[in-house]
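Participant: In case you want the letters, here they are:
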Amino acid sequence: MDLGLSEEQGLLKNAARDFLEKECPEAFVREMEEDERGYSPEFWQMMAAQGWQGIVIPEQYGGTGMTFTDLIVLLEEFGRALVPGPFISTVVLGAMPILEAGTEEQKQQFLPKIATGDLIVTLALTEPSAKWDADGVAMPAKANGDSFVLNGTKLFVPDAHVTDYMLVAARTKESASPEDGITLFLVDSKSKGIEFTVLKTIAEDKQCEVAFNEVRVPKANVLGEVDKGWPIIQGVKSKAAVAACAYLVGLSQMDFDTSLDYAKERIQFGRPIGSFQAIQHKFADMIIDVDGSRFITYKAAWALQENEPDAEMLVSMAKAWCNEATRRVVAHGQQIHGGIGFTKDYKIELYFRRQKWMELMWGDADYHRELVAAKLEA
Amino acid sequence: MDFRFTAEEEAFRQEVREFIRREMPPDWEGVFLEEEEEDWKQGRAFVKKLSQKGWVAPAWPKEYGGMEASPALQLVYNEEMGYHRAPIGSIIQAVGYIGPAILFFGTEEQKNQHLPPITAGEIVWCQGFSEPEAGSDLASLKCRAVKDGDDWVINGDKIWTSNAHRSEWCILLARTDPAAPKHKGISFFLVDMQTPGITVQPTINMANVHSFNQVFFEDVRVPSSALLGQENQGWYIAAMTLDYERSSLVAAAVSMAKRGLDDLVEYCKETKVNGRSLLDNPLVRHKLSEMAIEIEVGKYMVYRVVSQQARKEPGSIEAAVCKLYNTEMDVRLANTGIQILGLYGQLHKDSKWVRMMGRFQKSYLYAIAMVIGGGSSEIQRNIIAMRGLGLPRG
Ligand SMILES: Cc1cc2nc3c(=O)[nH]c(=O)nc-3n(C[C@H](O)[C@H](O)[C@H](O)COP(=O)(O)OP(=O)(O)OC[C@H]3O[C@@H](n4cnc5c(N)ncnc54)[C@H](O)[C@@H]3O)c2cc1C
Ligand SMILES: Cc1cc2nc3c(=O)[nH]c(=O)nc-3n(C[C@H](O)[C@H](O)[C@H](O)COP(=O)(O)OP(=O)(O)OC[C@H]3O[C@@H](n4cnc5c(N)ncnc54)[C@H](O)[C@@H]3O)c2cc1C
Chain A
1 MDLGLSEEQG LLKNAARDFL EKECPEAFVR EMEEDERGYS PEFWQMMAAQ
51 GWQGIVIPEQ YGGTGMTFTD LIVLLEEFGR ALVPGPFIST VVLGAMPILE
101 AGTEEQKQQF LPKIATGDLI VTLALTEPSA KWDADGVAMP AKANGDSFVL
151 NGTKLFVPDA HVTDYMLVAA RTKESASPED GITLFLVDSK SKGIEFTVLK
201 TIAEDKQCEV AFNEVRVPKA NVLGEVDKGW PIIQGVKSKA AVAACAYLVG
251 LSQMDFDTSL DYAKERIQFG RPIGSFQAIQ HKFADMIIDV DGSRFITYKA
301 AWALQENEPD AEMLVSMAKA WCNEATRRVV AHGQQIHGGI GFTKDYKIEL
351 YFRRQKWMEL MWGDADYHRE LVAAKLEA
Chain B
1001 MDFRFTAEEE AFRQEVREFI RREMPPDWEG VFLEEEEEDW KQGRAFVKKL
1051 SQKGWVAPAW PKEYGGMEAS PALQLVYNEE MGYHRAPIGS IIQAVGYIGP
1101 AILFFGTEEQ KNQHLPPITA GEIVWCQGFS EPEAGSDLAS LKCRAVKDGD
1151 DWVINGDKIW TSNAHRSEWC ILLARTDPAA PKHKGISFFL VDMQTPGITV
1201 QPTINMANVH SFNQVFFEDV RVPSSALLGQ ENQGWYIAAM TLDYERSSLV
1251 AAAVSMAKRG LDDLVEYCKE TKVNGRSLLD NPLVRHKLSE MAIEIEVGKY
1301 MVYRVVSQQA RKEPGSIEAA VCKLYNTEMD VRLANTGIQI LGLYGQLHKD
1351 SKWVRMMGRF QKSYLYAIAM VIGGGSSEIQ RNIIAMRGLG LPRG
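Note that the protein sequences, when read in sequence, are chains A and B.
Per my numbering, residue 1 is the first one in the first sequence, and the count goes up by one each step.
Per my numbering, residue 1001 is the first one in the second sequence, and the count goes up by one each step.
If you're looking for bench data, these hints aren't it; they were derived computationally from the structure.
All values reported here derive from a predicted model rather than from experimental measurement.
Every residue, glycine too, gets a C-beta built ideally from N, C-alpha and C.
Be aware that one or more of the hints could be misleading.
As the list claims (entries may be wrong) - Below, computed lysine-lysine pairings styled on PhoX-like, alpha-carbon distance capped at 20 angstroms:
no.: 1; chain 1: A; residue 1: LYS173; chain 2: A; residue 2: LYS219
no.: 2; chain 1: A; residue 1: LYS142; chain 2: A; residue 2: LYS200
no.: 3; chain 1: B; residue 1: LYS1269; chain 2: A; residue 2: LYS375
no.: 4; chain 1: A; residue 1: LYS375; chain 2: B; residue 2: LYS1258
no.: 5; chain 1: A; residue 1: LYS131; chain 2: A; residue 2: LYS192
no.: 6; chain 1: B; residue 1: LYS1041; chain 2: B; residue 2: LYS1349
Said to hold, decoys possible - Here are the simulated distance ranges between beta carbons:
no.: 7; chain 1: B; residue 1: ALA1180; chain 2: A; residue 2: ASP310; range: 39 to 45 angstroms
no.: 8; chain 1: A; residue 1: GLY270; chain 2: B; residue 2: LYS1142; range: 31 to 37 angstroms
no.: 9; chain 1: B; residue 1: ARG1021; chain 2: A; residue 2: GLU59; range: 36 to 42 angstroms
no.: 10; chain 1: B; residue 1: ALA1239; chain 2: A; residue 2: PRO58; range: 49 to 55 angstroms
no.: 11; chain 1: B; residue 1: ALA1239; chain 2: A; residue 2: ASP310; range: 37 to 43 angstroms
no.: 12; chain 1: B; residue 1: GLU1068; chain 2: A; residue 2: GLN277; range: 31 to 37 angstroms
no.: 13; chain 1: A; residue 1: PRO309; chain 2: B; residue 2: LYS1142; range: 54 to 60 angstroms
Between the sequences and the hints, there should be enough to build the whole structure, so can you do that?
Facilitator: Structure, rendered in structure tokens:
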């Protein structure tokens, strides 16, 4: 039992921190908020040169074949630097399910290009009902000759407008159990009948409304089996939830570090505000929340990686906890900064807005607490 | 990053678990510290059996009756003891931090005199630190020790001394240089409680139990061998023991919390209200789920400290983080337990209507002691902020 990083993970973490401090400064993060695409192809290629898009892709498909927990260590650094763009979408929502459920042909087609940074992918799951459960997937896909035809709307789809392909969850059969009858399609984002609208969100990240109007998808583009897509989606959801946790851990750690520096420097009443106990005790509570978040996230990631029987429960525990703990951290971070925190002149507000984004993605605390309760009952 | 225990550690876990099941007194209520007379006796008998296995102090060197167990093995031991509510309250102080202080700072003679009787399950120790005017601000203590020939003569009052009425020995902080700055004039003594001039006066705690005492020292004469470490080095030794105190209790406490939760979940499954199980009630589900998560988070805080120890990395605030979080979590858990039991939650264990042996009623009271004793929550926050994060003093 060892909660520390392996030597390899330590190297990855340091390399990522150095790279991101240089290439992903605050100015870049703000620029990408304004940018319609929300990412820059140059930066995307530089990340690919680091081997990051291919981090969990096996070497035979052009990746570096590292583990899920390695990816989590990297994503913690992404959270720290507030890395914008479709990385989690491409790697966690795209590459991982293709790797798990794809045919050999599909793997050959998609994974090497993802690894080289030549393919951007996402998952279109949620709809206007805004539900993470199987009954949230209502959009129909009707078999027609050698194709399926998709009609409907997907909502809150991360980075869809810049993707080359989308994994789209659609209903191919009505049945008593909502989990039965969902199919996952690999859809070319340039297919006729698809329309993207970028949503304006609190974090200025790029989530989209994706409208499907008579979109034809070849039957060969089904990922996994027809009607049996839900277990694949569940696997993605768990990994995405832990990825969000890792991003939140890094984000809240950086909010904490920034606030600590500020409290040591900001003088009021003739002394640093960090010398007031009201502020000091906030920091003690913040470090508990950051550390608490980090280690439950590691545990959940490790359990997923090792296929532990309680992995899903741990994922829900981690997401429920990180959601609320990191919100407490960034709220304290704002308070410690006083008036300056409420402005765009200073970076702390970026963490505050992005925390809420990641908190909502892949299930808020109430949602995951209910999943934990269901497991306690079992 | 690897959360798996080794095969050896898992085997030890099984062995400890079976031992506890076999040797635990029948109908054991499993209170936090065995403070009532009958519980105390059963606890001491259990410790004697532990001692026959060589399991009283897993971390200690073999020559003093320990096992030289790795940090992970100690964790396994503490988890099992906690989860099964094993009655080891009488040795927690001696094993957790008094013995280690003697190990680090004692002479050969002191080690040989004091350590084997602890691992043999024969001797009970108490801690005479706090005074009426020196609680959180321990270094302002007034109890005096004055040199007289080779002896020391001690005068002063100690308060909140747990188990003093059952202890053979006591660790004691006394001022030996009143002219020095307050942290630099304190020495650390090992005092035989039979020494003439010591009076122990009971204090009844709010659970209506005689658990701690006031202890008066009047011209108590102890030999030079009573001094641990150097003269005026006492604060330094005490600070180390307080660090140990913080981490030693917590591993067992988190597992005990987990047991409390598991029992509560079982209770909710079995209890029907209007034909439906309590677990179907959304508010109950929410509370249980929240506690399950909070306990899990606390567990990995403990694991992190253990990992650091195993890697021999210097710790700083991790033990304080652990103590602070987990003792406050216990307060919430006890409250959750009582709330779910509703009106029954207030019943004492002796009531014929009692549910779940009144454990939450009791822990609701005792949890309040844990956020004060061993350095209050506020003191932990101060330590984290100033010692750990380098924030300036106010
Ligand atoms: C939306 C908005 C509108 C505003 N409009 C106006 C306006 O129209 N006119 C105007 O004059 N001002 C205005 N202000 C400024 C506002 O009054 C200040 O922001 C406020 O007084 C806090 O001062 P500060 O920002 O310098 O923070 P600081 O005083 O530096 O405080 C930073 C942190 O330290 C804490 N702190 C400071 N001293 C202590 C202490 N002794 N003990 C414990 N904690 C302490 C604070 O509570 C805070 O958490 C506005 C601010 C905002 C956010
Ligand atoms: C069940 C129990 C068993 C105990 N057993 C022993 C024992 O065996 N031996 C022994 O020596 N002692 C023992 N103690 C005593 C314990 O160590 C003290 O109670 C503790 O150190 C607090 O001291 P105090 O009670 O005098 O409270 P005080 O120090 O008076 O504190 C009162 C309140 O003020 C707060 N406070 C104090 N200073 C600060 C500060 N600087 N900043 C912010 N807040 C502050 C505290 O956090 C607390 O909330 C025991 C206590 C309990 C409850």
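Participant: Please flag the earlier hints that this structure goes against, numbers listed from lowest up.
Facilitator: 2, 5, 7, 9 and 12
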